[in-house]
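Two independent chains are provided; combine them into the complex using the hints.
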Amino acid sequence: MLWHYAFVQQAVLAGVITAVLAGCVGPIVAARNMSFAVHGLGEVGFTGAAGALLLSLPPAVGLLAASFCAAAVIGTLGVRLRERDIATGSVLAFGVGLGVLFLTLSPRYLTEAYAILFGSILAVSREDVVRSAVVGGIALLALAAVYRPLRFASIDPEVAEARGVPTRFLSIIFLLILALTVSEAVQVVGVLLILTLLIVPAGAARRLTAHPGLTVAYSVLIALTSALGGIVCAVYTSWPVSFFVSAISFTAYLSARLVGPMLAGASAARASSHTVRA
Amino acid sequence: MTAERPPVRLESAGLRLGGRTLWEGVSLTVPRGEFLVVLGPNGAGKTSLLRVLLGLQRLTQGQVQIDGHPPTRGSAEIGYVPQQRAFDPEVPLRGRDLVAFGFDGHRWGFSPRFRAASAEPVEGMLSLVGASGYADVPIGQLSGGEQQRLRVAQALVGNPRLLLCDEPLLSLDPPSQQAIVQLIADWARRRNATVIFVTHDVNPLRAVASRVLLLAAGRWAVGPVEQVLTTETLSRLYGAPVEVLQVQGRVVVLGAELGGHEPVTALPVRDR
Numbered sequence: 001m002l003w004h005y006a007f008v009q010q011a012v013l014a015g016v017i018t019a020v021l022a023g024c025v026g027p028i029v030a031a032r033n034m035s036f037a038v039h040g041l042g043e044v045g046f047t048g049a050a051g052a053l054l055l056s057l058p059p060a061v062g063l064l065a066a067s068f069c070a071a072a073v074i075g076t077l078g079v080r081l082r083e084r085d086i087a088t089g090s091v092l093a094f095g096v097g098l099g100v101l102f103l104t105l106s107p108r109y110l111t112e113a114y115a116i117l118f119g120s121i122l123a124v125s126r127e128d129v130v131r132s133a134v135v136g137g138i139a140l141l142a143l144a145a146v147y148r149p150l151r152f153a154s155i156d157p158e159v160a161e162a163r164g165v166p167t168r169f170l171s172i173i174f175l176l177i178l179a180l181t182v183s184e185a186v187q188v189v190g191v192l193l194i195l196t197l198l199i200v201p202a203g204a205a206r207r208l209t210a211h212p213g214l215t216v217a218y219s220v221l222i223a224l225t226s227a228l229g230g231i232v233c234a235v236y237t238s239w240p241v242s243f244f245v246s247a248i249s250f251t252a253y254l255s256a257r258l259v260g261p262m263l264a265g266a267s268a269a270r271a272s273s274h275t276v277r278a
Numbered sequence: 001m002t003a004e005r006p007p008v009r010l011e012s013a014g015l016r017l018g019g020r021t022l023w024e025g026v027s028l029t030v031p032r033g034e035f036l037v038v039l040g041p042n043g044a045g046k047t048s049l050l051r052v053l054l055g056l057q058r059l060t061q062g063q064v065q066i067d068g069h070p071p072t073r074g075s076a077e078i079g080y081v082p083q084q085r086a087f088d089p090e091v092p093l094r095g096r097d098l099v100a101f102g103f104d105g106h107r108w109g110f111s112p113r114f115r116a117a118s119a120e121p122v123e124g125m126l127s128l129v130g131a132s133g134y135a136d137v138p139i140g141q142l143s144g145g146e147q148q149r150l151r152v153a154q155a156l157v158g159n160p161r162l163l164l165c166d167e168p169l170l171s172l173d174p175p176s177q178q179a180i181v182q183l184i185a186d187w188a189r190r191r192n193a194t195v196i197f198v199t200h201d202v203n204p205l206r207a208v209a210s211r212v213l214l215l216a217a218g219r220w221a222v223g224p225v226e227q228v229l230t231t232e233t234l235s236r237l238y239g240a241p242v243e244v245l246q247v248q249g250r251v252v253v254l255g256a257e258l259g260g261h262e263p264v265t266a267l268p269v270r271d272r
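As they're listed, the protein sequences go chains A and B. With the working numbering applied, the first sequence corresponds to residues 1 to 278, in that order. With the working numbering applied, the second sequence corresponds to residues 1 to 272, in that order.
Just so you know, nobody snuck in bad clues.
Each pair of labels, with its calculated beta carbon distance range:
id, chain 1, residue 1, chain 2, residue 2, range
1, A, V130, B, P89, 41 to 47 Å
2, B, E232, A, N33, 47 to 53 Å
3, A, G89, B, A86, 25 to 31 Å
4, A, A142, B, R236, 54 to 60 Å
5, B, S171, A, A144, 35 to 41 Å
6, A, V73, B, E232, 53 to 59 Å
7, A, V96, B, S171, 40 to 46 Å
8, B, R16, A, F169, 22 to 28 Å
9, A, G89, B, E123, 45 to 51 Å
10, B, A86, A, I86, 25 to 31 Å
11, A, V130, B, P70, 46 to 52 Å
12, A, A247, B, S118, 34 to 40 Å
13, B, G140, A, A247, 28 to 34 Å
Keep in mind that the hints were calculated from the coordinates and are not lab data. Yeah, the Cβ is synthetic: ideal placement off N, Cα and C, and Gly gets one too.
Isolated chain B, as found in the complex (with noise of 0.2 Å):
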């Protein structure tokens, strides 16, 4: 057998998008089994970090590897959450359709009866997120909740290796973001499965998070959460004077964009 490669590799990589510079110099390895929350304000490239590691947007300085390779577009081995975002009540589509289209929705092509839908692979993730029970309903009818756990079946249904969840947990209420974490963190511990998962809030991933990547104004720091979320790496990040409290067992910033304080109602400017 040969030595493992790490699932991700950045070497001194940058991106730089419309003449804005959005991180440089980042080095990480993230190891196999890692789950790694990305933490950072709006527009600090966390979504452009997802779309480097799915082959979607070239870094313009430094390497990215996955599994020892290139980034390449529709990788099997990577699955990917998305933000909730509301369906047309109208859209001819069920909870078990949206599980298919991660079964096979990229394959050319069509099935006349749409069997993807009912396969046995689709029904197993369906039981697996909790969701068999609406699985046949219009999702455009489906609460967020109910939405992001039959999202999670989607990215897990062709079994990949390396999770990219893009801010999944964003519009959700508390009880339903600790579900889908839960979800996500169980699956990732029985497949020694490694997830990166971008969020604003770092609070509801405090117990499943191996280390925590924080891109703020340029610059980076990577670690355990208690060596990264204190006032003084989030001063030196931002140049300014942050302050970082526990307040009931809660992380909150003072003065600096980031974390659980601010309003949930603000969505993040998409950086594309």
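Next up, chain A with everything else stripped away, as it sits in the complex (with noise of 0.2 Å):
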């Protein structure tokens, strides 16, 4: 069998943090509209990335740094990531362009680009499992920590508000849990990638139920399928990890779509028997 290779166990391990702790941040991610944020670190992290590497430093901690950082000055001067933000985008363009020239400037740079930017998990070391659980393990707790007022902020922000929930320190703390969860995804998916693990499944989740504990768990569920059944795939035939994460997400979320309005009619009908009209 397979599984008793050390690198498939190892892929396996980090995948299961990885699906874990994105299938919990989606909802979040959803709710506050952050899909382009969650791209958008995973860009600088590609730069950060490219950088260690041109510093002969481990790509995955340059990745890391650089998302951790560009989270914290994000959250701290209150920047809207926004697709219609031009500014934003530009800066992330030529945060790319710089990576491109740092990876071009390293040495092995087509491996190193390759796994960047469509994930290595099948690589992974011993050592890259480690940090992938602390990091991992950081991110949940913190998560934990902040989630209730975090989603009352993020679904019903002007009460949150009112209620004297911190939003504008939650909007940091999240932006930091992402990053976190960005640097972790990109290491299963890759840079191009990451929105399969941190938006697929809770788009997915979100269409199946509309009780926030459901949400969480499907969308968990979902990211851990697609994730192990991505890496299960890889190792059974010669084609990449990536293509069966995200073909594996995708399908969940065309599931979803067709499943999701019969659930939702059930409901409807269920309750108008018996709503009052207000």
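Structural data, given as structure tokens:
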């Protein structure tokens, strides 16, 4: 069995940690409409990883440092990361340009570029897994500590502020958690495909239920299935992990879009039977 | 028993935002159990007044006291009902979850099973506002009136003694407006609670309003509806001829942006 190979065990461990984290963070990303921020942090991470390579440091460390610092700067300056925002887009584009230069100047750049852009879960080392567990653990603990007010502030910001929830502080904390999550997800699926773990499972989950707890549970489940399924499929074929991860999560999303309206229809019918019009 | 301090007291209060004086010299005591309606055109600083009371905005002159103390952010004594706004139909949130936000949403940590949504105070509030029947429906699928009933439950679930409402009737149809006003007024009467209700249209509130605070063009006036909403008072406040008419029991203001005649499709400019 392939399971006996250390590289497969390490890949599975890293995949589980990443999927659990991404699955928990995803619903908040969706509620706050932050897909662009996810992408932006990934791109900054790419530049960081490429810079680290040039300095002969581990790219994963450069990626983590760059996206974490970017999140801290963005959060404290209160910059809103929106697709419409030309300034943010320009900075990100230049960042990626710099990353390309760094990569080209570093030795073995093709392998490394591929790993950063498309993921390298089957090549993670023991140290990578340990770092992944530490980073993932910190992010999950932080998320657990702020989860309830964070959800309040994300879905109902006006009332949350009136109730004294520190919305500004929470958005900084969440950006930092997001940066950690992005750096984990890049390891599995690469910079170009992080949305497949950070947005797609949550997007599917919210089609299936309006129950906040179940949304998180489904999101984690879909992220886990995608990550582990992707690893297993890739081990038995020669196709890339990222392809399978994105294919599985996309299938889950499509299925949820098909099944969701039926579930919603059923619940609406149930409710309208005893709805008192206000 | 000590003499009770008034729920809200403003002393020569003034607010300047972005180089513009919204209002100044406002001195006002709101006694317990009062239902104060705050009227005024867009940008008159009505929402800002609520933000001052919530401790989210500092006065630029004068003093404000809530129960004899300066306002504190997140006071459990204050409930807040916002404007109705459209939720994303997909947002994973049921009616009961919205109410649960008002119950414990501000507390740190997390509850793995989201128990607050079915906690006893939440169930009690859902039934008080008549929302038990649709408490499990995704919020985005509810009508504006249903959403506002849930908003009222959300604001009341913490048992506040002062309720601040910021245009909660906007974009609701007249029967829903009346239902929301009645819910709030009944609750306030039972609890002897104080209500400060910001609105564009005084008409749905005429039966329940104790007094009206009118903010317009940097000036203000306070008193019973029939004393404040007069041709004389409004003309003086606006510094221009304004006509107040009674048409079929409704107050209609001509020549100034105020009252029930303006189209509710025009959303107010949020003055933050």
